[in-house]
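Participant: Make the complex out of the two chains shown on their own, each in a separate frame, by following the hints.
These protein sequences, in sequence, are chains A and B. Heads up: the first sequence begins at 1 in the working numbering, then just goes up one per residue. Heads up: the second sequence begins at 106 in the working numbering, then just goes up one per residue.
If you are wondering where the hints come from, they were derived from the structure by calculation, not from laboratory data. Here a beta-carbon is modelled for each residue, glycine too, at the ideal position from N, C-alpha and C. Warning: the hint list may mix true and false statements.
Said to hold, decoys possible - What follows is a list of derived Cβ distance ranges for each label pair: (1) E268/B / R24/A: 23 to 33 Å; (2) I65/A / G331/B: 32 to 42 Å; (3) L48/A / E314/B: 52 to 62 Å; (4) A75/A / I232/B: 18 to 28 Å; (5) S17/A / I232/B: 26 to 36 Å; (6) P14/A / D330/B: 36 to 46 Å; (7) T244/B / S17/A: 31 to 41 Å; (8) G173/B / A75/A: 49 to 59 Å; (9) A39/A / D200/B: 24 to 34 Å; (10) L76/A / G331/B: 37 to 47 Å.
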Amino acid sequence: MPLPSFLERLFGRPEASKDTAKNRLRIVLMHDRAAIPAAVLEQMRSELLTVLSKYVEIDQQALEINLERSEGTVALLANVPILRVRTDVASEGPDNPEKAEPALA
Amino acid sequence: MSNGRVIVITSGKGGVGKTTTTANLGMALAAMGEKIALIDADIGLRNLDLILGLENRIVYDIVDVVEGRCKLRQALIKDKRMPNLVLLPAAQTRDKSAVNPDQMRQLIADLQEDGYVYILIDCPAGIEQGFRNATAGATEAIIVTNPEVSAVRDADRIVGLLEAEDLRNPRLVVNRLRPHLVKNETMMSVEDVQEILSIPLLGIVPDDEAIINSTNRGEPVILQDGARAGQAYRNIARRIKGEEVPLMDLEEGGFFSRLRRLFAGAR
Numbered sequence: 001m002p003l004p005s006f007l008e009r010l011f012g013r014p015e016a017s018k019d020t021a022k023n024r025l026r027i028v029l030m031h032d033r034a035a036i037p038a039a040v041l042e043q044m045r046s047e048l049l050t051v052l053s054k055y056v057e058i059d060q061q062a063l064e065i066n067l068e069r070s071e072g073t074v075a076l077l078a079n080v081p082i083l084r085v086r087t088d089v090a091s092e093g094p095d096n097p098e099k100a101e102p103a104l105a
Numbered sequence: 106m107s108n109g110r111v112i113v114i115t116s117g118k119g120g121v122g123k124t125t126t127t128a129n130l131g132m133a134l135a136a137m138g139e140k141i142a143l144i145d146a147d148i149g150l151r152n153l154d155l156i157l158g159l160e161n162r163i164v165y166d167i168v169d170v171v172e173g174r175c176k177l178r179q180a181l182i183k184d185k186r187m188p189n190l191v192l193l194p195a196a197q198t199r200d201k202s203a204v205n206p207d208q209m210r211q212l213i214a215d216l217q218e219d220g221y222v223y224i225l226i227d228c229p230a231g232i233e234q235g236f237r238n239a240t241a242g243a244t245e246a247i248i249v250t251n252p253e254v255s256a257v258r259d260a261d262r263i264v265g266l267l268e269a270e271d272l273r274n275p276r277l278v279v280n281r282l283r284p285h286l287v288k289n290e291t292m293m294s295v296e297d298v299q300e301i302l303s304i305p306l307l308g309i310v311p312d313d314e315a316i317i318n319s320t321n322r323g324e325p326v327i328l329q330d331g332a333r334a335g336q337a338y339r340n341i342a343r344r345i346k347g348e349e350v351p352l353m354d355l356e357e358g359g360f361f362s363r364l365r366r367l368f369a370g371a372r
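Just chain B, with the same shape it has in the complex (with noise of 0.2 Å):
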């Protein structure tokens, strides 16, 4: 761990929040003042760009690092408005297979260098090659689910396949809960899908219709004052961190907590 920490971001299915949960806890960690890097991936399905806003300043990609046409800090895109956050950006018409796991380690071993203390790499959904190459240099991994049965089954599988990996302790995090189904009874609660998992949680992240706008736009939720999502997301920053953050109170729609709200102001 001397050298800082490399997490890799994955779930096995595709659409539980992979890539939106990379880039919030990258400008979480940011925001905190951690120099940070995001890695995308996803080689030939290139979508952090697109979430963070940066996409209109891609010039080259991770392809074009590993394959020697241009400096690893050429490639590396500056977040204007978190200055110790880059991207290194997938590369979209290539496939997974464009980068191997020893060049992940080798761009991963150049970023520590360039003194990125946190690297977090978003990972593909699935679990073949493109899998291999983004944990290959992890040292830790989150897998995101949803509670939803093929999204937690999907997850399941991964921490068997991380552990091949010898990626031993991954943590969780719950993402689009929707309290008031967990409330009658619909939805399965954190505790089922822990109870299922037996992993370590992480978090938990209500959904939350912010996040559509903030994809809508290229803001990360977390920039969003009063969203919760992007409260949630700046907690498991924290708790990354090592800091002990308390659950946030997710009955949304209760009197009480509407009553705190308005109270608190938006927060």
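Chain A on its own, in the form it takes in the complex (with noise of 0.2 Å):
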């Protein structure tokens, strides 16, 4: 057994590079396909931190909105860490459009 295959198989096999190819081309091709300008992204992300903040209180440092394509589709990708329910309006429900109507912004 050569040396370098016996020490693969000591430690390990290191990834095949044509694996690394193919994970790298699969993260790119995620954005490439997406395809939605930034400045589109961060429009989304603040009007979703608008609606969503009139339910509850956002970390918004911490707020995370990704674009990611798995099997033929794109999906948005959000996490929203929550601090506090604003137990004002969670009682409300969707029923009740008119109260739950007036935007924060």
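Facilitator: Pasting the structure below:
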């Protein structure tokens, strides 16, 4: 057994370079395919924030919004850390639209 | 489809083998008896003539036709090796804006009128005007890529752009595959590439030194007996015509394939 492959067996095989290529491609294509300009994404983020803030208090610094593509569809993945639920609106629910309507902004 | 087939050969990235693919598929289809016209849409960077070995026979080019300096038939170069193949050469001294999509569509209609059943269009690299012109009159697309990150990324972009041009079912040719590198997991396999691009596979062309010789001489590799890339292109041409042709065995260095080739003779 040649030394390199002996060492590979001993320490575990490093990732094959073609797998590195494949993984890098997957990530870069995720961004390419979503093709939403950063400014639009930023606007979405701020409008989402406005809506969500009606119901919950959000940690705005830690908010993450990303587009990912898997199996032919693009998904919007948002990680929204909630600091506190606003009890005042939480009890009203969506079937009381005229009270929930006034925007905070 | 009643008027025949108009196929654009494209890639996004340059240097992946679009022109070589166009030349060889054209020759292979012609060898099967189809009446075929090749259009070099790479205006300003004319090369299909050189790959086909027809560079000394150009009198008029595509821009001369479009601008009315000659008739379409005067610009078509008949290939003496393949009597039913003609080339409409690109202009070398103009740029991509010299022909617009409507003019391209008209050229294609005129070629079809003259009985060319297959029209293959060699698309320029890039995604700008030249790409839009080349794809304008096409009804089918073949995307050529190499098993390599930048070529695959560009191919993916092209899939989206073709969709915008209403070319919805492109098929993939993976060119310059090096089987021994795939085997030792250095190069992405055809399955890897396909998994990422998820478009149907039309064929695989192994990296073949015979291509260098054939390019040097202006004799497409399908004219060489025994060249593996030539066999691959012949197979692709048959698939274009609708035949079911199994993918060839690419284990070039393998003992059994050497043995098989020894007994089968150079095929």
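Participant: Against this structure, judge whether each hint is valid.
Facilitator: We went through each hint and held it up to the structure:
Take E268/B and R24/A: their Cβ atoms lie about 24 Å apart, and the range 23 to 33 Å holds. Between I65/A and G331/B the Cβ separation comes to about 57 Å, which falls outside the hinted range of 32 to 42 Å. For L48/A and E314/B, the Cβ-Cβ distance of about 57 Å falls inside the hinted range of 52 to 62 Å, so the restraint holds. Against the hinted window of 18 to 28 Å, the Cβ-Cβ separation of A75/A and I232/B comes to about 26 Å, which satisfies the hint.
Restraint check, S17/A to I232/B: a C-beta distance of roughly 28 Å satisfies the suggested window 26 to 36 Å. At about 43 Å, the CB distance of P14/A to D330/B agrees with the hint of 36 to 46 Å. In this structure the hint that T244/B and S17/A lie 31 to 41 Å apart at CB holds, the actual value being about 39 Å. Distance hint check: the CB atoms of G173/B and A75/A are about 53 Å apart, consistent with the given range 49 to 59 Å.
In this structure, A39/A and D200/B meet the distance hint of 24 to 34 Å, their C-beta atoms being roughly 32 Å apart. Between L76/A and G331/B the CB atoms are about 54 Å apart, so this pair departs from the stated range of 37 to 47 Å.
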